[in-house]
Every structure is written in C-alpha cells, then in structure tokens.
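Protein chains: 2
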Amino acid sequence: MSKQEPHSPVNNLTNGLDEIVHQRIRLGLLTIANEAVRVEFRFLQEAMEVTAGNLSQHIRVLEDAGLIRVTKGTEGRRPRTWVSITRAGRTALYVEISSLKALVHRVEQADASST
Amino acid sequence: MSKQEPHSPVNNLTNGLDEIVHQRIRLGLLTIANEAVRVEFRFLQEAMEVTAGNLSQHIRVLEDAGLIRVTKGTEGRRPRTWVSITRAGRTALYVEISSLKALVHRVEQADASST
Numbered sequence: 667m668s669k670q671e672p673h674s675p676v677n678n679l680t681n682g683l684d685e686i687v688h689q690r691i692r693l694g695l696l697t698i699a700n701e702a703v704r705v706e707f708r709f710l711q712e713a714m715e716v717t718a719g720n721l722s723q724h725i726r727v728l729e730d731a732g733l734i735r736v737t738k739g740t741e742g743r744r745p746r747t748w749v750s751i752t753r754a755g756r757t758a759l760y761v762e763i764s765s766l767k768a769l770v771h772r773v774e775q776a777d778a779s780s781t
Numbered sequence: 667m668s669k670q671e672p673h674s675p676v677n678n679l680t681n682g683l684d685e686i687v688h689q690r691i692r693l694g695l696l697t698i699a700n701e702a703v704r705v706e707f708r709f710l711q712e713a714m715e716v717t718a719g720n721l722s723q724h725i726r727v728l729e730d731a732g733l734i735r736v737t738k739g740t741e742g743r744r745p746r747t748w749v750s751i752t753r754a755g756r757t758a759l760y761v762e763i764s765s766l767k768a769l770v771h772r773v774e775q776a777d778a779s780s781t
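Protein sequence lines correspond, in order, to chains A and B. Here the working numbering = 1-based position in the first sequence + 666. Here the working numbering = 1-based position in the second sequence + 666.
What the hints contain is simulated information worked out from the structure, not anything from laboratory work. You may find that some hints are simply not true.
A pair holds if it fits inside one copy or across any two, identical chains being indistinguishable in the list.
[As the list claims (entries may be wrong)] The calculated SDA-like cross-link candidates involving lysine to any residue, where the alpha carbons are at most 20 Å apart (straight line), are:
id : residue 1 : residue 2
1  : LYS738    : GLU685
2  : LYS767    : GLU706
3  : LYS767    : GLU685
4  : LYS767    : ALA731
5  : LYS738    : ASN681
6  : LYS738    : THR752
7  : LYS738    : ARG708
8  : LYS767    : VAL736
9  : LYS738    : SER722
10 : LYS738    : GLN711
11 : LYS738    : GLN723
12 : LYS767    : GLY742
13 : LYS738    : ASN720
Based on the sequences and whatever the hints tell you, model everything.
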C-alpha cells in the first residue's frame, strides 16, 4: 500500500445494504427461503445454527417488512411453521446481492492494485 | 420455483460473517481504510453518510477488536483523527469478502436453476 488517500469517492458504498436484509441471520434465511417453495422452521434453525427464540425474532422482522410469509399448520400431529419468501423479499435479496457484488469487486480491486 | 426443499445442507452458510465486520457501516469503513495508508475521520463520515456520533461508535468497536488503529493529531491548527486498518483488520475483511462471494454465488445459482 503506497497511497495516502482512497482512490475514488465512496458515497453510497454501502447504502444499497438494507439493515433488515443485511443482518447475518436474516440474510441467510432469505437465501435459503429463496431456494424453495417453503422452508420449515426447524430446517432453518439447524441450517443457521441459532436458537428458536433468536430465529423467531428474525422471522418476525422479515415478516413485518413483508419479505417473507409465515404459515402455521401440522404435519402428522406435530405443529409446524413454514416460511416462504415473498416477491418483495426476492427483490430485496437481489438488491442486497447486487450491492455485495459491487463491494466484493471494490475490495478485490484495491487488493490487486496494492500488490 | 418448483422445489419443495432447498437443494443442499446449508450449515455455515453465514457463519463466516463476523458480526463485527459484517455490520454495514463497519464493513464500509474497513473497505475504505483498506485502500489507503490512513483515512481521515471527516472523509469517512462523508463517504458513509453517517453522523459523527454514529461513526465514532463504530470506530470504537473496530478499534476494540484490533481491526483498526486510531491516531489523533492536528493538521494546521485543526484537530484531526485518522484511521488505519491493521493486519488483523485486513485479514478479517478478506474473510468477510470470501464468505460474501460464496453467498452471492449461492443466490445466483438458485436464480439460474429456477429460470
């Protein structure tokens, strides 16, 4: 590294990262929900390695924002909760991914120009 | 989308995303600091479009984690605060970027297989 200042203005560098979507657990949840018609609560819990309480909180945030839909029912006699991504959720995930790609590109450019 | 369940186990999908580094403002700050020997506080504040108080809080979190170094001094007669990324900070940023790339890839794969 020989530069004294960053090489370009950086406004909006992370403005495309929405706090609701960008949070680690919620980003993982949306990523998984994006791959299926619906995903069962326990599957998500194991996939994300979080407590039920923690997962429930994040599900509520995403549901309140209209990014997922939650359905309750039973399978056999067991209560089940399913999560589906909404159209708005898919759009929000794509916006996040697009911003992340730009960020990754930027860090890799800096790395390339410093070596 | 025709699948009923996600196509693969997703353990550790977001485990590589460290909460300290992944947070939006801090991720932007590390990205910018990674591009220069040192960056001035006000430059960061304008680049990230945050209040001084908010930026100070995030700087403290990163400093406490050993990911940046903070230097205070004057330029002319004006007090200045400079931020430099540490070796540990650079490593943490690269780990985050590597995890983000895997996540981006995964979302794009799901998108490709559903169309």
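Status of each hint after checking the structure:
1. LYS738 - GLU685: Neither way: LYS738 and GLU685 sit 27 Å apart in one copy and 31 Å across, limit 20 Å.
2. LYS767 - GLU706: neither (29 Å within a copy, 26 Å between copies)
3. LYS767 - GLU685: both (17 Å within a copy, 19 Å between copies)
4. LYS767 - ALA731: neither (24 Å within a copy, 26 Å between copies)
5. LYS738 - ASN681: For LYS738 and ASN681, neither the intra-copy (35 Å) nor the inter-copy (28 Å) Cα distance is at most 20 Å.
6. LYS738 - THR752: Intra 16 Å, inter 48 Å, cutoff 20 Å: intra-copy only.
7. LYS738 - ARG708: The answer is within: 13 Å in one copy meets 20 Å, while 50 Å across copies does not.
8. LYS767 - VAL736: Cα proximity of LYS767 and VAL736: none, with 29 Å in one copy and 29 Å across.
9. LYS738 - SER722: The answer is within: 13 Å in one copy meets 20 Å, while 44 Å across copies does not.
10. LYS738 - GLN711: within (16 Å within a copy, 45 Å between copies)
11. LYS738 - GLN723: Classified as within: same-chain Cα gap 16 Å, cross-chain 40 Å, threshold 20 Å.
12. LYS767 - GLY742: Classified as neither; 43 Å inside a copy, 40 Å across copies.
13. LYS738 - ASN720: So LYS738 and ASN720 pass the 20 Å test inside one copy only (18 Å; across, 40 Å).
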